[in-house]
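Got chain A sorted already, so can you dock chains B and C onto it with the hints?
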Amino acid sequence: MIGEIVLEIALILLAVGMLLAAIRAWLGPRITDRAVAADLIFFAIIGFIALIGLRTGIEALFDIILIATLLGFMAAISMARLGLGGRR
Amino acid sequence: MDYTTLGLVMHTIGLVCIFLGIATIIVAGIGLFKLPDLYLRASAVGTSAGLGVASIVIGALLIDFTWLNLLKALLAVVAQLLTSTVGSMAIARAGYLNNSLPAPITHTDELLTTRGDYTGQSAETTADPEAESQ
Amino acid sequence: MPSHRNPSSAPWIWRILSFLFWYAKEFFLANLRVTIDVLRPTRRMKANPAIAAVPAASVSDAEWTLISALITLTPGTLTITISKEHRVLYVHGMFAETRDALAEEIQEMENRLLRAMRRTPGDLSRPLQAPVIGAGNTPAEEGGEQP
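Residue numbers (our numbering), protein chains in the order written: chain A, 1 to 88; chain B, 1001 to 1134; chain C, 2001 to 2147.
Rather than coming from a laboratory, the hints here were simulated on the basis of the structure. Cβ coordinates follow ideal geometry from the N, Cα and C atoms, glycine included. Don't take each hint at face value.
What the hints assert, rightly or not - Derived DSS-like pairs (lysine-lysine); straight-line CA-CA distance at most 27 Å:
| hint | chain 1 | residue 1 | chain 2 | residue 2 |
| --- | --- | --- | --- | --- |
| 1 | B | K1034 | C | K2046 |
| 2 | C | K2025 | C | K2046 |
| 3 | C | K2025 | B | K1072 |
Unchecked claim - From chain C, some residues computed to sit far from chain B (all C-beta separations above 10 Å):
| hint | residue |
| --- | --- |
| 4 | W2012 |
| 5 | L2017 |
| 6 | F2019 |
| 7 | L2020 |
| 8 | F2021 |
| 9 | D2061 |
| 10 | E2063 |
| 11 | T2072 |
| 12 | T2074 |
| 13 | P2075 |
| 14 | K2084 |
| 15 | R2099 |
| 16 | M2117 |
| 17 | R2119 |
| 18 | R2126 |
| 19 | P2127 |
So here's chain A without its partners, still in its complex pose (with noise of 0.2 Å):
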C-alpha cells in the first residue's frame, strides 16, 4: 500500500484534534461545555474507525461506520438531558 506512512500520518493529527477536544471537556466550565467537546471526540472516533479499517482491511469498516454515525446522537442527547437534571 502506498498509504501506511500517510495513514500513521494522519492517524497523529487526528489524535491531536481529539486532545484539544479532550483538554476542553476536561477544562469546560459547564456541562454543556464539555458535551460539545464530547462531540467533536466522538467524530474524531469515527476518524480513527475509518483510518485503523483501511489499514487493517477489515471487510466490514462501512457497516461499522454506519452504525456509528446513527448512533453517535445518543451521547449528545444524553449529555444534553444530563445537563438539564433530567427535566425536558
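What follows is chains B and C alone, placed relative to chain A:
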C-alpha cells in the same frame, strides 16, 4: 487492490479528502478554545460534524471502493448530517436552559426576555451556582 | 433575485433539486467562513453573534422540523428553540451584523425551502409583532413569584 492509474488517482483523492476532514476536526478543536461561549463553540464543532466526517468517510470510500460500500457510505453521510443536527440542537437548548448565557460580544439576545418562563428561576440568581467545579 | 421568478411553475422534483444545490452551496460557503474565522487571530475575529427571534412562515410539523434542522446544519447558525404558537424561531447567528440581517438570511432560506416543498407557495406571511411570552418581560419579577 491493483495499481491501475484509476486506482492510483482515487487513492490520492481519497487521501486528500481524509486530510481535509482531519484538518476540519483540528480547526474545530482550536475553535473550542478560541471561541468564548457554548453557542459559538457548537457552531465551530458543526463544521466538523457535517463536512469533516463526510469527507473522511468519502475519502475512505475512494480508497476502498465497491458499489456496496458506496451505498453504505452515502447512508452514513446522510445519517451523520441528520443525527448531528439533532444532537447539537439538543445541546444548545440544554445549554440555554442550564443558564449558559451567551458571551458579552453577543449584541442581541431576544431569547433572554422569555427566560423566566422556561427555567422557572430568575436569570440573575442562578447565573453561577450550577457551574461545576473546575 | 432569481428564485423569485415563477416560484411554482417548475415541476416538483426540479424545484427540490435546485433547492438542494443552492443549500449545498450555502453549506460549503458557511463552512469556509467559520473555518477561516476560527483560524484568524483573536483580535481580528469577525464573529459578531446574536440571538434573534425570527418570525417564521412554516405551518406544518414537517416544515418546522426541516427548517430548524437546516438552520442548525449550516455552520454559524443554530436553532436554540422554536415557539410554534407564536410562530417564532430563536436562532443564534455567528456572523450577524445586525439582528435584521440575521433574520433576513433565515427568512430567505425558509422562503426557498417552502417554495421547494409545497405544491403551491401558499401563505408566506409572517407574524409582525414580537411575541410577549410570560406575564412580564423581566425575568427577575417572574422568578420572584416562584415558590
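To see whether the hints hold, each was checked on the structure:
| no. | hint | verdict |
| --- | --- | --- |
| 1 | B:K1034 to C:K2046 | holds (12 Å) |
| 2 | C:K2025 to C:K2046 | holds (21 Å) |
| 3 | C:K2025 to B:K1072 | holds (24 Å) |
| 4 | W2012 | holds (21 Å) |
| 5 | L2017 | holds (16 Å) |
| 6 | F2019 | holds (15 Å) |
| 7 | L2020 | holds (12 Å) |
| 8 | F2021 | holds (16 Å) |
| 9 | D2061 | holds (15 Å) |
| 10 | E2063 | holds (16 Å) |
| 11 | T2072 | violated (5 Å) |
| 12 | T2074 | violated (8 Å) |
| 13 | P2075 | violated (4 Å) |
| 14 | K2084 | holds (14 Å) |
| 15 | R2099 | violated (5 Å) |
| 16 | M2117 | holds (17 Å) |
| 17 | R2119 | holds (24 Å) |
| 18 | R2126 | holds (15 Å) |
| 19 | P2127 | holds (14 Å) |
The structure fails hints 11, 12, 13 and 15 (numbered hints given earlier, in ascending order).
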